[in-house]
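> So the sequence lines, in the order shown, correspond to chains A and B.
Numbered according to our numbering, the first sequence spans residues 1 to 412.
Numbered according to our numbering, the second sequence spans residues 1 to 412.
Possibly wrong hints are sitting among the right ones.
Any copy will do: because identical chains look the same in the list, a pair fits if it lies in one copy or spans two.
Straight-line C-alpha distance at most 16 Å; calculated EDC-like pairs for lysine to aspartate or glutamate [unchecked claim]:
id : residue 1 : residue 2
1  : 224       : 303
2  : 20        : 338
3  : 124       : 143
4  : 20        : 56
5  : 343       : 322
6  : 226       : 247
7  : 32        : 308
8  : 410       : 247
Just so you know, the hints here were simulated from the structure itself, not pulled from any lab data.
2 protein chains.
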Amino acid sequence: MPVLVMKFGGTSVATLDRIKRAAKRVGLEVAKGYDVIVIVSAMSGKTNELVGWVNETSPLYDAREYDAVVSSGENVTAGLMALTLQEMDVPARSWQGWQVPVKTTSAHSSARIEEIPPANIMRKFGEGMRVAVVAGFQGVSPEGRITTLGRGGSDTTAVAFAAAFEAERCDIYTDVDGVYTTDPRISSKARKLDKIAFEEMLELASLGAKVLQTRSVELAMRYKVKLRVLSSFEEPSDSAGTLVCDEEEIMENRPVSGIAYSRDEAKMTLVSIADRPGIAAAIFGPLSEAGVNVDMIIQNIAEEGRTDMTFSCPTDQVLRAENALKAARDRGEINYGELIADKDVCKISAVGIGMRSQSGVAAKMFKTLSDEGINIKVIATSEIKISVLIDRKYMELAVQALHDAFELEKAA
Amino acid sequence: MPVLVMKFGGTSVATLDRIKRAAKRVGLEVAKGYDVIVIVSAMSGKTNELVGWVNETSPLYDAREYDAVVSSGENVTAGLMALTLQEMDVPARSWQGWQVPVKTTSAHSSARIEEIPPANIMRKFGEGMRVAVVAGFQGVSPEGRITTLGRGGSDTTAVAFAAAFEAERCDIYTDVDGVYTTDPRISSKARKLDKIAFEEMLELASLGAKVLQTRSVELAMRYKVKLRVLSSFEEPSDSAGTLVCDEEEIMENRPVSGIAYSRDEAKMTLVSIADRPGIAAAIFGPLSEAGVNVDMIIQNIAEEGRTDMTFSCPTDQVLRAENALKAARDRGEINYGELIADKDVCKISAVGIGMRSQSGVAAKMFKTLSDEGINIKVIATSEIKISVLIDRKYMELAVQALHDAFELEKAA
Numbered sequence: 001m002p003v004l005v006m007k008f009g010g011t012s013v014a015t016l017d018r019i020k021r022a023a024k025r026v027g028l029e030v031a032k033g034y035d036v037i038v039i040v041s042a043m044s045g046k047t048n049e050l051v052g053w054v055n056e057t058s059p060l061y062d063a064r065e066y067d068a069v070v071s072s073g074e075n076v077t078a079g080l081m082a083l084t085l086q087e088m089d090v091p092a093r094s095w096q097g098w099q100v101p102v103k104t105t106s107a108h109s110s111a112r113i114e115e116i117p118p119a120n121i122m123r124k125f126g127e128g129m130r131v132a133v134v135a136g137f138q139g140v141s142p143e144g145r146i147t148t149l150g151r152g153g154s155d156t157t158a159v160a161f162a163a164a165f166e167a168e169r170c171d172i173y174t175d176v177d178g179v180y181t182t183d184p185r186i187s188s189k190a191r192k193l194d195k196i197a198f199e200e201m202l203e204l205a206s207l208g209a210k211v212l213q214t215r216s217v218e219l220a221m222r223y224k225v226k227l228r229v230l231s232s233f234e235e236p237s238d239s240a241g242t243l244v245c246d247e248e249e250i251m252e253n254r255p256v257s258g259i260a261y262s263r264d265e266a267k268m269t270l271v272s273i274a275d276r277p278g279i280a281a282a283i284f285g286p287l288s289e290a291g292v293n294v295d296m297i298i299q300n301i302a303e304e305g306r307t308d309m310t311f312s313c314p315t316d317q318v319l320r321a322e323n324a325l326k327a328a329r330d331r332g333e334i335n336y337g338e339l340i341a342d343k344d345v346c347k348i349s350a351v352g353i354g355m356r357s358q359s360g361v362a363a364k365m366f367k368t369l370s371d372e373g374i375n376i377k378v379i380a381t382s383e384i385k386i387s388v389l390i391d392r393k394y395m396e397l398a399v400q401a402l403h404d405a406f407e408l409e410k411a412a
Numbered sequence: 001m002p003v004l005v006m007k008f009g010g011t012s013v014a015t016l017d018r019i020k021r022a023a024k025r026v027g028l029e030v031a032k033g034y035d036v037i038v039i040v041s042a043m044s045g046k047t048n049e050l051v052g053w054v055n056e057t058s059p060l061y062d063a064r065e066y067d068a069v070v071s072s073g074e075n076v077t078a079g080l081m082a083l084t085l086q087e088m089d090v091p092a093r094s095w096q097g098w099q100v101p102v103k104t105t106s107a108h109s110s111a112r113i114e115e116i117p118p119a120n121i122m123r124k125f126g127e128g129m130r131v132a133v134v135a136g137f138q139g140v141s142p143e144g145r146i147t148t149l150g151r152g153g154s155d156t157t158a159v160a161f162a163a164a165f166e167a168e169r170c171d172i173y174t175d176v177d178g179v180y181t182t183d184p185r186i187s188s189k190a191r192k193l194d195k196i197a198f199e200e201m202l203e204l205a206s207l208g209a210k211v212l213q214t215r216s217v218e219l220a221m222r223y224k225v226k227l228r229v230l231s232s233f234e235e236p237s238d239s240a241g242t243l244v245c246d247e248e249e250i251m252e253n254r255p256v257s258g259i260a261y262s263r264d265e266a267k268m269t270l271v272s273i274a275d276r277p278g279i280a281a282a283i284f285g286p287l288s289e290a291g292v293n294v295d296m297i298i299q300n301i302a303e304e305g306r307t308d309m310t311f312s313c314p315t316d317q318v319l320r321a322e323n324a325l326k327a328a329r330d331r332g333e334i335n336y337g338e339l340i341a342d343k344d345v346c347k348i349s350a351v352g353i354g355m356r357s358q359s360g361v362a363a364k365m366f367k368t369l370s371d372e373g374i375n376i377k378v379i380a381t382s383e384i385k386i387s388v389l390i391d392r393k394y395m396e397l398a399v400q401a402l403h404d405a406f407e408l409e410k411a412a
């Protein structure tokens with residue numbers, strides 16, 4: 001029988017009633033003849049609670065223990081979903097990551113899936129099981145310890161299963177009915193996109209659109225997984241949601257497809273560092289080893305052999321970054337006068353594959369922000385996006401102004 | 001280095017602060033030179049929440065999924081405890097049941113530990129790890145699925161580890177400072193016992209004293225594990241708590257050592273069954289297969305070839321018992337007129353190894369209850385205990401009256 005992967009996010013399984021509603025959707029697909037692999041997240045709020053406990057216990061936690069703790073929420077949902085399906089007379093059982101096994105690297109709390117041997121689950125499908133409920137977000141390292149894939153990792157679990165089982169489609173059920181031109185909570189004019197290119201989705205996801213985890217989109221693009229984002233709160237329909245697909249399938253041709261933001265950014269500045277070859281490696285090597293996700297980087301013009309280096313990273317990695325840099329200074333690898341962390345910034349990005357062929361997008365973006373009196377602190381650009389760091393208090397204003405400026409409320 | 005097992009129950013790890021306090025106790029033992037195996041329960045209330053969800057989802061749940069769900073609370077505590085110890089610079093790591101592995105039978109939700117190979121943890125001790133934090137209550141079946149040991153199973157985990165690692169002692173930290181003559185929440189005259197015989201402890205535990213799980217005491221008795229029950233809320237001291245030990249070590253010689261109770265009992269009566277050889281097996285076989293823990297059994301005198309059969313079981317197994325009996329009737333294995341479930345009863349027991357040599361205990365117990373106007377519904381006796389079923393509303397009254405009657409507030 002053809003295999004379908006269905007992933008339900010935290011809000012879709014937040015209560016027993018919602019789990020039941022999700023199970024009914026699974027039942028519909030089983031009735032159509034699919035063997036279904038259901039990937040579940042933890043019940044809404046559970047993972048945050050666990051992460052909070054870990055942070056409070058140990059701000060510089062051992063990531064192996066972090067993973068052991070925060071992976072537990074998904075196990076609960078997987079079991080409850082299997083029980084709910086059984087109550088509906090759908091043969092189902094739950095699987096934890098190590099049971100499948102979902103083999104990952106040892107990079108705890110941001111592990112990558114290396115292999116998902118389909119044999120165990122396929123054998124059960126052969127024996128009449130119709131639904132394998134798999135705890136998302138988790139796997140097992142070569143050392144036999146539990147790993148997690150990073151926040152939102154259940155999306156990646158879903159796409160990886162879709163690839164490993166050559167699934168017909170991978171449906172990501174969430175609390176929004178698709179991908180929007182921007183966050184509807186910030187702009188009421190946000191419009192749902194019927195289709196979006198993998199590349200655009202990648203930028204939107206990595207910039208905080210929060211609909212899909214970046215790696216899940218990369219993986220879907222690489223393995224040609226049909227990926228659909230849809231709401232678990234709407235009536236089932238074949239045209240629901242947003243299809244994430246190849247660029248060629250997109251008819252619209254506008255410079256900007258969406259405005260993304262990332263609230264929890266920090267801007268870190270190393271004041272007065274020696275401007276010498278290898279200094280960037282000396283700074284960003286230790287940060288990378290400490291697991292700090294550095295995003296934007298700018299270096300000021302040097303004066304008398306010294307310069308400033310600015311970079312951005314998620315707010316919750318500031319302590320880690322500070323420690324890594326201080327350690328590097330203690331080891332004599334770098335030298336800096338001061339380390340300034342500005343935790344009150346956010347990132348705003350305009351994203352669109354149309355940018356490649358249309359000019360003036362950056363100018364329009366900067367003018368729009370300027371007209372609103374918003375100061376730009378850092379700029380970074382790529383082929384299909386322009387990002388800026390601004391004061392966090394202007395976040396909503398900037399998103400709304402840019403959405404208006406690029407007329408995203410209108411269908412192309 | 002000598003190995004010590006320390007087990008912390010749910011209330012001892014209910015909050016991050018309490019986990020820290022427990023970790024400090026562990027640190028004291030590490031400082032004394034012990035390699036410590038810490039067994040942790042789920043944070044107070046967590047397991048009940050999970051069990052509630054399972055019951056709501058599926059009243060006749062698949063026990064394999066039940067186990068997958070309810071075992072998750074211990075994993076959280078184990079990781080948090082390991083992190084807390086690491087913050088105190090004590091080398092520690094967490095282990096889930098399947099990682100050790102704690103090999104159990106496949107009897108889901110009441111599995112028995114079959115083997116705990118010490119090699120993995122001992123190797124880590126050899127490498128400098130000082131504390132292995134193990135998630136209690138759980139193990140892994142030969143089929144590779146997660147099992148649990150039944151409520152309070154973490155005590156059994158602790159004793160089993162103490163036996164497997166030939167630990168010097170097994171300290172069970174809980175929210176009471178020892179074993180009492182009765183539940184101090186019910187009688188303010190309850191007195192702490194310095195020592196109690198394994199046999200008495202067995203009766204008290206199985207009857208609902210709730211201080212230690214029955215199987216943990218059986219196991220400790222069999223493997224001669226020094227077992228100490230003590231409070232995690234009192235200052236550490238070598239004489240704290242109650243030592244559970246051999247009968248020979250007990251100096252007191254009184255007929256009754258304690259009054260136990262079990263609140264959630266149900267009395268089930270099969271009305272008008274055929275009084276024929278094999279009828280008991282036909283009734284209790286299916287109940288056993290359905291996992292119903294039948295406790296007391298009485299059969300009325302037969303009249304015209306028909307009789308009534310009464311038994312007690314935990315309240316939450318009534319539905320399961322009813323279904324098993326109805327199924328047996330549908331299969332033609334038994335025949336009964338009516339099945340009456342009285343869910344409003346409780347069990348009260350007087351326990352004491354001194355009963356063996358002193359008479360009149362039963363008579364005194366019955367008279368005491370009679371004087372209070374309490375009707376006895378079922379009686380069962382063993383060498384060292386007398387149990388009765390009574391209406392639940394009289395539970396506190398009965399416990400207090402019996403505690404007074406046997407003068408348990410006085411040290412012997």
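> So which hints don't hold here, by number, going up?
1, 2, 7, 8
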